[in-house]
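**Q** Each chain, letter by letter, is given below.
Protein chains: 2
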Amino acid sequence: MRIVVLAALAASLVVPAFAGDAATAARLRDAALNDSTAWDVLTSLSYEVGPRPAGSPAAARARDWAVAKLKELGFSNIRVEPFAKPSWRRGAEDVEMTAPFPLKLAAVGLGGSKPTPKKGIAADVVVVNSLADLKAAQMGAFKGKIVLVDQPMKRGLGGYGEAVEARYAESEAAKRGAVAYLTRSISTGTGRAPHTGHTHYDDGAAKIPAAAIGVPDADLLAYLAARGVVRLRLKLASKEQPKTVAWNISGEILGSEKPDEVIVIGGHIDSWDPGLGSIDDAAGIAIATAAAKMIAALPQHPKRTIRVVLWGSEETGGAAKAYAAAHAAELARIVVASESDLGSDRILKLELPEGAAGKLEFASLADLMKPLGIAVSPEAAKDAGSDVEGLQKAGVPVFSFVQDSSRYFDYHHSADDTPAIVDQAQLNQNVAAWAVLVYLVADSDADFRGKH
Amino acid sequence: MRIVVLAALAASLVVPAFAGDAATAARLRDAALNDSTAWDVLTSLSYEVGPRPAGSPAAARARDWAVAKLKELGFSNIRVEPFAKPSWRRGAEDVEMTAPFPLKLAAVGLGGSKPTPKKGIAADVVVVNSLADLKAAQMGAFKGKIVLVDQPMKRGLGGYGEAVEARYAESEAAKRGAVAYLTRSISTGTGRAPHTGHTHYDDGAAKIPAAAIGVPDADLLAYLAARGVVRLRLKLASKEQPKTVAWNISGEILGSEKPDEVIVIGGHIDSWDPGLGSIDDAAGIAIATAAAKMIAALPQHPKRTIRVVLWGSEETGGAAKAYAAAHAAELARIVVASESDLGSDRILKLELPEGAAGKLEFASLADLMKPLGIAVSPEAAKDAGSDVEGLQKAGVPVFSFVQDSSRYFDYHHSADDTPAIVDQAQLNQNVAAWAVLVYLVADSDADFRGKH
Chain A
682 MRIVVLAALA ASLVVPAFAG DAATAARLRD AALNDSTAWD VLTSLSYEVG
732 PRPAGSPAAA RARDWAVAKL KELGFSNIRV EPFAKPSWRR GAEDVEMTAP
782 FPLKLAAVGL GGSKPTPKKG IAADVVVVNS LADLKAAQMG AFKGKIVLVD
832 QPMKRGLGGY GEAVEARYAE SEAAKRGAVA YLTRSISTGT GRAPHTGHTH
882 YDDGAAKIPA AAIGVPDADL LAYLAARGVV RLRLKLASKE QPKTVAWNIS
932 GEILGSEKPD EVIVIGGHID SWDPGLGSID DAAGIAIATA AAKMIAALPQ
982 HPKRTIRVVL WGSEETGGAA KAYAAAHAAE LARIVVASES DLGSDRILKL
1032 ELPEGAAGKL EFASLADLMK PLGIAVSPEA AKDAGSDVEG LQKAGVPVFS
1082 FVQDSSRYFD YHHSADDTPA IVDQAQLNQN VAAWAVLVYL VADSDADFRG
1132 KH
Chain B
682 MRIVVLAALA ASLVVPAFAG DAATAARLRD AALNDSTAWD VLTSLSYEVG
732 PRPAGSPAAA RARDWAVAKL KELGFSNIRV EPFAKPSWRR GAEDVEMTAP
782 FPLKLAAVGL GGSKPTPKKG IAADVVVVNS LADLKAAQMG AFKGKIVLVD
832 QPMKRGLGGY GEAVEARYAE SEAAKRGAVA YLTRSISTGT GRAPHTGHTH
882 YDDGAAKIPA AAIGVPDADL LAYLAARGVV RLRLKLASKE QPKTVAWNIS
932 GEILGSEKPD EVIVIGGHID SWDPGLGSID DAAGIAIATA AAKMIAALPQ
982 HPKRTIRVVL WGSEETGGAA KAYAAAHAAE LARIVVASES DLGSDRILKL
1032 ELPEGAAGKL EFASLADLMK PLGIAVSPEA AKDAGSDVEG LQKAGVPVFS
1082 FVQDSSRYFD YHHSADDTPA IVDQAQLNQN VAAWAVLVYL VADSDADFRG
1132 KH
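Chains as they are written, first to last, in the numbering used here: chain A, 682 to 1133; chain B, 682 to 1133.
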């Protein structure tokens, strides 16, 4: 339905040439490649706040960090917008193989998982090779068992979307009698560190405890289960916190001529807890703030306002809806929106809002992106980050910088998501691209949805 | 001193042409590249036994696995040779930053570390950039502090030897008043998993608890310590087990003409406990057993005996000395010895025993190795694996296959050492090279130390 609406709007699209000076944009781009702001922001959030799930005490420290950092970087109109965010908090976890020999497994509870009884759940494991095999099994087939879906994730586009369904299959296992659910980590890596992420419980099935185990641990269980009985003991503690709050935090570079017209960019400040949340998503915040800061340092601010938003609850949802609701009155004045939320590796292509890519006026944009190795795609942006979905559904045009994500899922949602895996040169290529595009749009009269 | 002895022996070297048939060697080589034995052995030990430090209950399971596996693969004269091996056993460990904010660190106690008191050690951390800086500090400089040496390991030859000295510096810290010692993991990787290894306590200093922390955790502590007070709480439990036993286990492919002349090859069966001990050193065992098994499958066994040894205590020492002592009576009959103990990645070059490389008789060897991308080095082997050091000191000639170790220290001694990081094609390149060399030497009269 969303696509139909966008297509209708595209028919009346008006896209004037960018007023912004291409030479200025080129200077911004080249300066960004050697700027340390993004690296400094990324490491500051990673090291000074650490992991910061929505609803945790760390999230409040992250909020304070954000306000101080936006101030330090020279942003105006710094806003902290609270919204109700029931949350889930991990407790002690211990997953152990007890037969054929004792071995502590690398495991992490999935977000939202129900806890096990205090003494744990002890049962034999059944290893199923794929989600399709799980779904093909008869009701009751896994009565009293712990089910492991050992479906490897394929590297490359679409791999995550396909693989992640196995992380959401706890109810499929429960319907077939399982007492607990394990998924092979949704990962393209070889590391032992397990990758967490959210559960999807159906109301029609028992809510059984669910965890992810390390890729090598899944290999081990599959090997052993093919040769005999494998028994596990799971202890997963957690609690629901129904009354917690999260915050969407923002700061602005005020427009010099049309400050009421706003470009919304940013990343999310919440993270999963096993790692330091560096590629997911300190990187997005670092890229957006650094790009905006560089534009702010020009002799004159561009015409329109650039707003950097640090969304407060992406991993477990809620921020996008809260943001769209809180900004319902200004939706028509949001020129375009996008979130950076696919790590810190290089951008491969830019997807513009529906109807914009074919316009001749964008020739200078393609020339500006070319030295960065970025193509301007003929296809329109569809996915511009979960946190702008609320805006997008409400009709705000979006763009998307498509990044090289081939390494991203080696680390994503695991303990290995730290600054150690970030390549500063690639991070800065992102900053350069965002600075160019945001500057050009901000200094233009471009209207990506036509008259309204 | 060892070098002097070898040089003296080299003077009387007699190296006849290999009697072994080059065409047979080439067939062995090519078959090895497509053989599954090494992979099967590596995964069997990794998955069916798991981590197996000397002196642990798992080591006894590893011994039983070894005997059964050697039998299954067709080896003769299977021997289990016990030796006394006092050992150290890890207990519960917990290393947490308590200020400036609470964060559980990725940490692992170093082998042999003294335990902390049950309630732990709480102290501020001092981060020292290098071992040289630690040694340059005055006595008493770190009174009451936890010292972290944050010295990154360089990738490439010699990197480990230089970096590992920081793991042995607990007494240097203790002499300067430290209450506990931390080392940045001796690792070239970016993973969070900490890398263990042994301590080196001096008698002249307090024996303080010692642990390794993950590379990203060291980065974090260094970042924060540069900006304010960082406080940690360490809890490390462990116990000494003075009465434990380890076993050197071996099996033979009996020689058809001169069964008393023996070629000793192998790997070590003990491993550190965080990972599955796949590259360190199930790989060495897999390579040696697979090569010997392929030679055994020839229509006729070569003249000399090939003995595969699974040394029982490399990581914490003891096996080499025990082996040389137990085999003192047959030292003169050990033609040559070598251990595979640098992982599963490809071999780059072969170093022969002192004096052998220059001989024209080895031309066929170079031709046989060339398709594997292996050069026959003009330099003689010096390091042929810790477990043959006892034999080497007693005058047994050694050879060495020098492997590409550029990835090895990303994983070594950490939880990430599992079959998931093993490249079967590279593993088999090792098998091919070992099969060729061992076959040629076994079917020859080559005497690498001259008459005795």
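Hints in this document: simulated from the structure, not taken from any laboratory. Do not rely on the hints blindly, as some may be mistaken.
Stated by the list, open to error - In silico lysine to any residue, SDA-like type, Cα no more than 25 Å apart, as pairs:
#1 K785/A x M778/B
#2 K785/A x A907/B
#3 K800/A x R912/A
#4 K752/B x G909/A
#5 K816/B x A907/B
#6 K752/B x D775/B
#7 K856/A x V808/A
#8 K816/A x G842/A
#9 K785/A x K816/B
#10 K799/A x K799/B
**Q** Now look at each hint and say whether the structure bears it out.
**A** Here's how the hints hold up against the structure:
1. K785/A x M778/B: holds, 24 Å
2. K785/A x A907/B: Violated, at roughly 36 Å.
3. K800/A x R912/A: holds, 15 Å
4. K752/B x G909/A: Status holds; Cα separation ~21 Å.
5. K816/B x A907/B: holds, 20 Å
6. K752/B x D775/B: violated, 42 Å
7. K856/A x V808/A: Status holds; Cα separation ~16 Å.
8. K816/A x G842/A: Since the Cα atoms of K816/A and G842/A sit roughly 18 Å apart, the hinted pair holds (cutoff 25 Å).
9. K785/A x K816/B: With a Cα-Cα distance of about 38 Å, the restraint between K785/A and K816/B is violated, given a limit of 25 Å.
10. K799/A x K799/B: holds, 24 Å
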